[in-house]
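Spelled out, the chains give:
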Amino acid sequence: MSDATIDFVRRELLAQADAPAAPTPGYWQSVRQRLARDPVTIAVSLVLLAIVVISLGAPLVTHYDPYAGSVLARLKPIGTPGHWLGTDETGRDLWTRLCYGGRLSLLAGILPVTISLLIGGFLGILAGYAGGLVGTLIMRTMDVFYAFPSILLAIAICGLLGNGLSNSILALAVVFIPPMVRISETVTTQARQLDFVEAARASGTTTLQVIRYHVLANVLGPILVYATSLISVSIILSAGLSFLGLGVTPPRAEWGLMLNSLRQAIYVQPYVAALPGLMIFMTSMCFNLMSDGVRSAMDVKLNK
Amino acid sequence: MLGFSLGIACGLTAALYHGRWPDKLFSAISTTGVSLPHYWCAIVLVMFCAVLHDWLPAQGMGDDSLPLYDRLQYLVLPVVTLSLIPMGVIGRLVRATVLEIIGMEFVGALTAKGLTRWPVIRHIGKNAAPPVLALMGLQFGYLLGGSILVETVFNWPGSGNLLNLAIFRRDIPVLQATILVLASFFVVLNLLVDIAQAAIDPRIRR
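As given, the protein sequences belong to chains A and B, one line each in that order.
The letter at position 15 of the first sequence is residue 15 when you use my numbering, and the numbering goes up by one with no holes.
Counting from 1 along the second sequence, just add 1000 to a position and that's the residue number in my numbering.
Hint data in this document are derived by calculation from the structure and do not stem from the laboratory.
Given the structure is predicted, the values throughout are model-derived calculations rather than measurements.
It is possible that part of the hints are untrue.
Stated by the list, open to error - Which residues of chain A face chain B? A few of them, derived with a C-beta cut under 10 Å, are:
no. : residue
1   : ALA147
2   : ASN163
3   : GLY277
4   : MET285
Claimed, not checked - Which bits of chain A does chain B cover? Going by a derived footprint, with three or more residues having C-beta under 8 Å, they are:
no. : region
5   : 232-239
6   : 259-272
7   : 287-294
What the hints assert, rightly or not - From the structure, some residues in chain B lie toward chain A, with a derived Cβ separation under 10 Å:
no. : residue
8   : THR1031
9   : VAL1034
10  : VAL1044
11  : ILE1167
12  : LEU1175
13  : GLN1176
14  : ILE1179
15  : ALA1183
Just so it is clear, CB atoms sit at the ideal spot from N, CA and C, and this is done for glycine as well.
Given these sequences and hints, build the entire structure.
In structure tokens, the structure reads:
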């Protein structure tokens, strides 16, 4: 063998020895690169960011009071001077109500998913990692919840607890826990059988450390992606609950509630009446597309 | 049913033309269907077809005395509204499943054997059926519950409306009973789906 070849082999071996540290950041880096090349996901994330910023900064983008109506200015059309999106059935500025409504709608959409992510994720990882009796116990309990269609369960819980924002958030969180448990249980069971997890266990790592370093790293990604796709469902459902009058109580501004109170006005101002629904639609669509984008960026199989 | 068949058609076309424009178009339609709040969609449809253009009746079920054709008109808007969501959900699942199956080796083998397009698609369909069927069962249950919102908009005297009234009158027994009936429908339906799955796919029968 020539010196050059030996040199080459040595360098290769050295590179391989260095390799184990590299894969994890390499994976996330490539995910980020793929995301940066996906115009749809970027555009959608920007729209979402805009919606969040406008909702949080509602007092800055509008000078009206969301609760102050005016008998004279009821149901003005889009483009009225002073009220560029028109006014609702008691003369409140619609743009203002939409901005303030975003706060509650986003809260009622995101909070249930977060709660169910924490509880469901914990239970799922526990069930998947422990397996055996514990796993069966958790999964069969979840199967009981699966017997109800999701909306029906939410409506039933809300109907029993009475209306109010916190009750609708609670109801939705309960509805989302079973699918969350199921997803995280499936992913954890798969991750547990991976060779390096086995190796870690064989080399005497404690269970807690295996879960923390090896299982969580492999499980969190898919669970989070699933959670973002649940947010869009959650926003639609929570707005649906307040549309029925089960969620947020009037006169607070919330998109579903506004849609319901403007429903009677569709013969007078059809376009104004459709606006709150359009906001719900846009937000949930954006969350869906974003979750799709992140999912395909994270999928190694699709991006070979 | 409309939603199911449209969804299957959408998903299948999208997967067969993966990456080309029909894929993009039908994926877009499916994603829209998934993200639509159907109560809003119902309102928009009423607004467009009944208020602005006067094509279809806005609410109610019509009188029993009306001829069949007139009564069918009352059906159009609610049916379209309710089929949009299953269309989206199923379209997305069919696309994903079919794409996965197309990547399998036996599809390549069938094509190599010289089978034309449609027989190959039939083979793919057989393999894609079980998960799609399972989802259909779930979606049907979702519709049972989801119709409460649409029935409110269209003023239909169905189980959803009953549920709505029961909630507002704090009529807990009626609420419990309605939910019990709907949930048992759902369970029976899922049982039927499981049986159908076993009939189609011998792998599940083991």
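Check: Quick check: the region 287-294 of chain A, covered by chain B? Criterion 3+ residues, Cβ under 8 Å.
Finding: Held - the region 287-294 of chain A has 4 residues with a Cβ nearer than 8 Å to chain B, which meets the minimum of three.
Margin query: Min Cβ distance, THR1031 of chain B to chain A: is it shorter than 10 Å?
Written below: holds (6 Å)
Notebook entry, point to check: Measuring from the C-beta of ALA1183 of chain B to each C-beta in chain A, is the shortest one below 10 Å?
Noted result: holds (5 Å)
Note to self: Hint validation: LEU1175 of chain B versus chain A, beta carbon distance must be below 10 Å. Holds or violated?
What the structure shows: Constraint on LEU1175 of chain B satisfied, holds at 5 Å.
Notebook entry, point to check: With a cut-off of 10 Å, does the beta carbon of GLY277 of chain A approach a beta carbon of chain B closely enough for the hint to hold?
Noted result: holds (3 Å)
Next item on the list: Identify whether the interface hint at ASN163 of chain A stands, where standing means a beta carbon of chain B within less than 10 Å of its own.
Entry: holds (9 Å)
Note to self: Can you verify the interface hint for ILE1167 of chain B: is its Cβ closer than 10 Å to any Cβ in chain A?
What the structure shows: Holds, because the Cβ-Cβ distance from ILE1167 of chain B to chain A comes to roughly 4 Å (cut-off 10 Å).
Item checked: Given hint ALA147 of chain A near chain B, where the shortest CB pair must fall under 10 Å -> holds (5 Å)
Note to self: Hint VAL1044 of chain B vs chain A: min CB-CB distance below 10 Å?
What the structure shows: VAL1044 of chain B check passes; min Cβ-Cβ to chain A is 5 Å, inside 10 Å.
Notebook entry, point to check: Would the hint on GLN1176 of chain B stand, with a C-beta cut-off of 10 Å toward chain A?
Noted result: holds (8 Å)
Check: Given as covered by chain B, does the region 232-239 of chain A meet the bar of three residues or more with CB within less than 8 Å?
Finding: holds (count 3)
Check: Does MET285 of chain A pass the interface check with chain B, least Cβ-Cβ distance below 10 Å?
Finding: Interface hint status for MET285 of chain A: holds (4 Å vs cutoff 10 Å).
When held up to the earlier numbered hints, the structure conflicts with none and fits them all.
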